[in-house]
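Given the structure of chain V, go ahead and fit chains W and F onto it with the hints provided.
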Amino acid sequence: MASRSIKTTILSLFGAAALAACGPSEPPTAGAPPQAERLSEAQYRQSISDIFGPDIKVAGRFEPGIRKNGLLAVGDSVIAVSPAGFEQYDSMARGIASQIVDDKHRQTLIPCAPAEPKKADPACAKQALAKYGRLLFRRPLNETELAGPTAMAGTAADTIGDFYAGLAYGLAQLLDSPSFLFRKDAVEPDPDNQGKFRLTAFSKASRLSFFLWNAPPDDELLRAAESGEIQTRGGLAKQVDRMLASPRLEAGVRAFFIDFFDFDKFDALAKDPMIYPVFSTKVARDAEEQTLRTITDELITRNGDYRDIFTTRRTFMTRNLGIVYRVRVASEHGWEPYEFPAGDQHAGILTQLSFTELHSHPGRSSATLRGKAVREILLCEQVPMPPANVNFTVVQETNNPVYKTARERLTAHRTDPTCAGCHKLVDPIGLGLENFDGAGAYRDLENGAPIDASGDIDGIHFSNAAELGKAIHDDPAAVSCLVESVFRYAAGRDFDKGEKEWRGWIAKQFAADGYKLPALLRRIATSKAFYAVTVSDQRVKEAQR
Amino acid sequence: MKTSIKRRQLLRGMMGGAGVAVALPFLECFLNANGTALASGRPLPVRFGTWNWGCGMNPQRWIPTKIGKDYDLPPELKYIAAIKDQVNVFSGYKAILDGKPNLPHISGMMALRSGQVAAKESYDAPTLDVLVGDVIGTDTRFRSLEMAATGNPNHSYSYRNATSKNPAEVSPISLYTRIFGTDFHDPNAADFKPDPKLMLRKSVLSGVSEQRAAFLDQLGATDKARLDEYFTSVRQLEQQLDLQLQKPPPAEACKVPKQPADAPVGTEVGQVLQNHKLMAELLAMALACNQTKVFNMVYSDSASTLRMPGEQMIHHLMTHEEPIDAALGYQPKATYFVERSMEAWATFVSTLAAVREGDGTLLDNCLVFGHSDTEFARIHSISGIPVMMAGKAGGRMKTGIHMNETGEPITRVGFTALQIMGVPLDKWGMGSMQTSKAITEVMA
Amino acid sequence: MTGSNRRRAATLGLLGLGAAAGWLALSTAQADQAPSDKAAPAGKTMGFAVTNFPFALYKGADDCPDGPVLSAKDIYLKSVSPAEQKRLQLPENLKEFEQKAYHTADGRDVCEVLDLPREPQRSPKGKISYGMNLDGTKDGAATATTCAHEKFTSPDGEPVDNQTYRVMGCMSNYRGPPGEQGYLESLRNSGFKDGGTTFLIELIGVKDPKNDNDIQVGIYNGTSQMAVDPSGSTFLPYASLTVTDDKRWRSVVHGRIVDGVVMTDPGDIALTYVFGGAPRDYHIKAARLRLQILPDGKAKGMLAGYMDMPDVDMTKGTKQASAEMVKYDCPSIYQAIRRYADGYKDPSTGKCTALSTAFQVEAIPAFIIHPEEAKKTADASSPTETR
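Protein sequences appear in the order of chains V, W and F.
Just so you know, we're using the numbering used here here: the first sequence kicks off at 1 and counts up by one.
Just so you know, we're using the numbering used here here: the second sequence kicks off at 1 and counts up by one.
Just so you know, we're using the numbering used here here: the third sequence kicks off at 1 and counts up by one.
Next comes chain V alone, as it looks inside the complex:
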């Protein structure tokens, strides 16, 4: 979809500029301890698709992730696997393995043929398991690791009387292994820094690949790891640039924004069908896709300023979406570009369905939910929980007044001192979006009363949604939130105290780079901080022996 030539030109121009080393150099960081991140559902599926082909079906239920400090990617570093979760992994593993060895796939997928198909063949089994073990574990297996599955394949082949059926058990063992399901950081002494440690080449490749493509390392990246190139500055930069120029970058950027924007909430999104007949699961699916396309178009294809996603009138439409937005969509199938006219309130992603309908109730819009989402998701600002002694009796209405608009309904939030403390942080922002109902459709009136979408955010006044978008565009918290979220997503962890200077540095670079996302991705992917590891004193001692 993207204009590859534009991207390549921009990136090569940029690459040249980067080598000219403008600006202060990267501050040193101590790094963080090695981690073991659980694969997300998307990463699991992508791995199977990349390694075995897209027609291998993955049938099973993935247990939900946990969001830690706003990101599922950070939660993946602390989450365990429950018994129910492992049951599903095992079931999926058996299903995948049986497809790999079936008549349809064995010719293309199994790299060798057994001497006799009804008997075990340790050599061929080992060859197949070594090949796929390397791709699944994202590093070559050692002899011990290979011996187990190979023996398993042999025992099973003997029991069942079929090489391929037996091989499936060996493959299932690989798929059940924590070395597949978790990305465990491996470290080695750093030859360039006596007494210090670094990630192994394969762990580095893995971290890079899941960051930029949300996928396991491809052949070329594994080769660069095997040869050691990836441990050199030039070798790393070459791989990073290759990956940034690839169409696969889009999948990686999408994966980041899906996490960053809480798009997993779409799974449980439901609207009352009587109040919002325009809503359907198709609309929800298109809404998510619309915003992702808007973002990848602005930030990758056009290599634009990140802040412009809050003000852009350019987006994409399908006929399904055209009904909700009430715009003309000529293409019968698929997506077409659409630009709202100047002055239209549909400006920026805050006014897109993926924001307005996601952060609403099933039967009503919600200024509080939307304001909270802006604060917590887009500005990385934590909104405090209500205090223990909140007296909710103040909201008791004995005269049943009829409130027509949300602004009126939220009066108590604004005027009562116990409520206002927190609600003044969120409600005014959300009230700026009240022209968009709970399904995200535009309206001028609510219950016959005109909607007043004015407010202020941290001292900046706005009169409507388009101006709210502009206020977010201008808010320094929006860009620092993005920079920090990208790093935390990529590294799967929160910042360490010792990284304060680095955080300041990367934020400055982002501004100097014109707030362009590919430039930020490149800076992080080629930085030292992204890969830096600390190890326990005991480990250091062991290495010195």
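Treat the hints with care, since some could be wrong.
[To be verified] FRET-style restraints, in silico, Cβ to Cβ:
1) T440(W) x A30(V): 42 to 48 Å
2) T177(W) x T108(V): 54 to 60 Å
3) L445(V) x P347(F): 36 to 42 Å
4) R539(V) x D134(W): 57 to 63 Å
5) N213(F) x Y442(V): 45 to 51 Å
6) G431(W) x R67(V): 35 to 41 Å
7) A221(W) x G228(V): 27 to 33 Å
8) N69(V) x A221(W): 17 to 23 Å
9) K375(F) x G343(V): 28 to 34 Å
10) N69(V) x P323(W): 34 to 40 Å
11) D191(W) x S49(V): 41 to 47 Å
12) P332(W) x E150(F): 56 to 62 Å
13) Q538(V) x D191(W): 55 to 61 Å
[Claimed, not checked] Chain V side only, calculated, beta carbon under 10 Å to chain F, not exhaustive:
14) R94
15) S280
16) V327
17) A330
18) E484
19) V540
It is worth saying that the hints were derived from the structure and are not from the lab.
Treat the numbers as computed from the prediction; the structure is a model and nothing was measured.
Where is the CB? At the ideal position from N, CA and C, for every residue including glycine.
Just chains W and F, lined up with the frame of chain V:
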């Protein structure tokens, strides 16, 4: 015929009243107090489960005025009329925050289920169902089964620790497939042939377990602990396979149900009631067929996202925004949801009571711990969080009693359940909620 | 019968309201989408998708004092004694009853003997009907191209022609119970909801949605299905719908807007629709569309013109056993159609070959997309369907 020893006598004798935690042996063999057993001589298993609904009740319409036996049924409790004599009601027990914030719909749940509260939503201690499951759940195919009638797998309050939550099954058909699908073996099947493929599957898993030492190497302490949970989960599956390799003991009450139709899941209250009923029926059979002894059913999530067709507000929102009707004295629409919750509770308990087992019913061999997250949702009150316990727990629990001890920590109720189920703890809970006093009035 | 279609027959008439919200359906696209070869006029386009298109049946309370139109069985029973009536209606005599009722004495199906002597089919006796003044006369006297006939008076007091109403007005499966559409009507109109039929109306070159002396009006079939909510019970406005590229079902006529009401000059219009699973056509000659644009963006009005007798006729290729199921008698209706024909006089025979007809039109705002534009796709990699 074993001597019937009263459990509490045993405990008192061993500990002489001192607050020492003693590793007690499994007490099942001592606890068949009513003396009934199957023809094989094995006592009927005792099961434990939690059932919860979100956004509490209206105290003036729920709390019985009479304390003790033969309690009255205020309007919101009228739904349990038919099963009243099998249900204990607990009112007035509170969550104590010790200065921590009252996280709406969270703190009450944490206190009640794990005995402690935190400054943010973080179940740092295991929930009571996990404690029970660790004791009684090791010899069944599933250590526990979690279900959510709302259709959302995140709606589960069963935690081993803050990062280890048991996800919920969300539809009758997925629950059916999990329990009665291809890996199910009818315990009453006349012939039993251990499937050789199960041995192979076991080998795969033990091969995975062999990687434990190498994999845990070089991990930090926290990562070691959580990856060890992974290996525990692997072993759990291995144990399930082990059980499937042996001829299961017969389960006279077990009747394999038919596969339910695939129906949509969601938070519309009619859907929730329907899916809840179907899942309750499947669970009853799962228990009768000894597939598990521990369960957690979420009827509605603690901040109740349930809704009525055509209504702008979800239940939770109504509890805050719907005005109290001057004539009725309560919020009519929000109360509709309370009443449906009580109706669903009664359905759940009755479903277990409808299964005949031994000389009585399945319910007689269960302890169902039903609770909400708050007392009066409008003000997020956590003093007097409603709890009900249903079933006779194999004779260990007396029923038909209303207990009200205003101001007592809510952990006393959970602790009572833990004691009845034989979890070897002499105290439970943290801070002001730490208790070693069970509510003996309901213990047999 | 799609029981979901329980629309009342709305009172048609001029409400004289503005059309402020109608601009919502305006698009900035130029009128070069009009299929005509003429140069594109200046102005904007307003689009509508029809949601209901029943015959405009006034259904006056005293229209059918003698009861509904008789079926062949009813007619036969009237010709025999009460005792015989009772006997024939016993279940065990059903075959005999049908044999006698559906066939002439010499065994031919009555649908093949259309000149079989019959009493005139029951017809509305009331004076009021919906419709338009198609022949230009006040009294229905014959003209060069039309035949003498009795006019109705519209509810607003205008003289109108609606000879089709005389044929259908007392047929129970057209008329239906009070407040409901008859079975045949709801079956036909269910096509909009279930996706079998799409009618589009395009106002082209609109400079002022309240008053404009010179616009074009396109009336087309659409190839896109109407957009409905997931339950299938509510139409969704503002859908983008593709026009058919089959020239037969595209008509463009000249029109004007007066006080928010569109009125077109007479022109021939042809539309196809699905009825009982099979395709059928309307050919409405010298048709005029009167369409009022409402403040909420919807539109309602009337389409009136002459329909050829065969299009109204339900006897062709039918057997009486089938006609009986919707309660009419072939010879009776055949003769009624000829009796009431009032338009397109055949000069050689002096007999009229078409009947004045009126349809109610209800429509919601829509975006009209012409086929050339619809076929282009910016990115087909994520195909999506409206249904």
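Verification of the hints:
1. Range check, T440(W) to A30(V): Cβ separation about 56 Å, and the 42 to 48 Å hint is violated.
2. At roughly 31 Å, the beta-carbon separation of T177(W) and T108(V) lies outside the given 54 to 60 Å, and the hint is violated.
3. The hinted window of 36 to 42 Å between L445(V) and P347(F) is violated, with their beta carbons roughly 60 Å apart.
4. In this structure, R539(V) and D134(W) break the distance hint of 57 to 63 Å, their C-beta atoms being roughly 33 Å apart.
5. In this structure, N213(F) and Y442(V) break the distance hint of 45 to 51 Å, their C-beta atoms being roughly 33 Å apart.
6. In this structure the hint that G431(W) and R67(V) lie 35 to 41 Å apart at CB is violated, the actual value being about 27 Å.
7. Against the hinted window of 27 to 33 Å, the Cβ-Cβ separation of A221(W) and G228(V) comes to about 32 Å, which satisfies the hint.
8. In this structure the hint that N69(V) and A221(W) lie 17 to 23 Å apart at CB holds, the actual value being about 21 Å.
9. K375(F) and G343(V) have their C-beta atoms about 32 Å apart, which keeps the hinted 28 to 34 Å range intact.
10. Separated by about 38 Å at the C-beta atoms, N69(V) and P323(W) satisfy the suggested range of 34 to 40 Å.
11. For the pair D191(W) and S49(V), the beta carbons lie near 42 Å from each other, so the given range of 41 to 47 Å is met.
12. Roughly 59 Å separates the CB atoms of P332(W) and E150(F), a value that falls within the hinted 56 to 62 Å.
13. Between Q538(V) and D191(W) the Cβ separation comes to about 57 Å, which falls inside the hinted range of 55 to 61 Å.
14. The interface hint given for R94(V) is violated, since its Cβ lies 32 Å from the closest Cβ of chain F, which is over the 10 Å cut-off.
15. For S280(V), the suggested interface contact is upheld, since its CB lies about 5 Å from the closest CB of chain F, less than 10 Å.
16. Taken as an interface hint, V327(V) checks out: its beta carbon lies about 8 Å from the nearest beta carbon of chain F, inside 10 Å.
17. Interface hint at A330(V): satisfied, since its Cβ lies 4 Å from the closest Cβ of chain F, which is below the 10 Å cut-off.
18. Taken as an interface hint, E484(V) does not check out: its beta carbon lies about 31 Å from the nearest beta carbon of chain F, beyond 10 Å.
19. Given the 10 Å rule on beta carbons, the hint for V540(V) is violated: about 51 Å separates it from the nearest Cβ of chain F.
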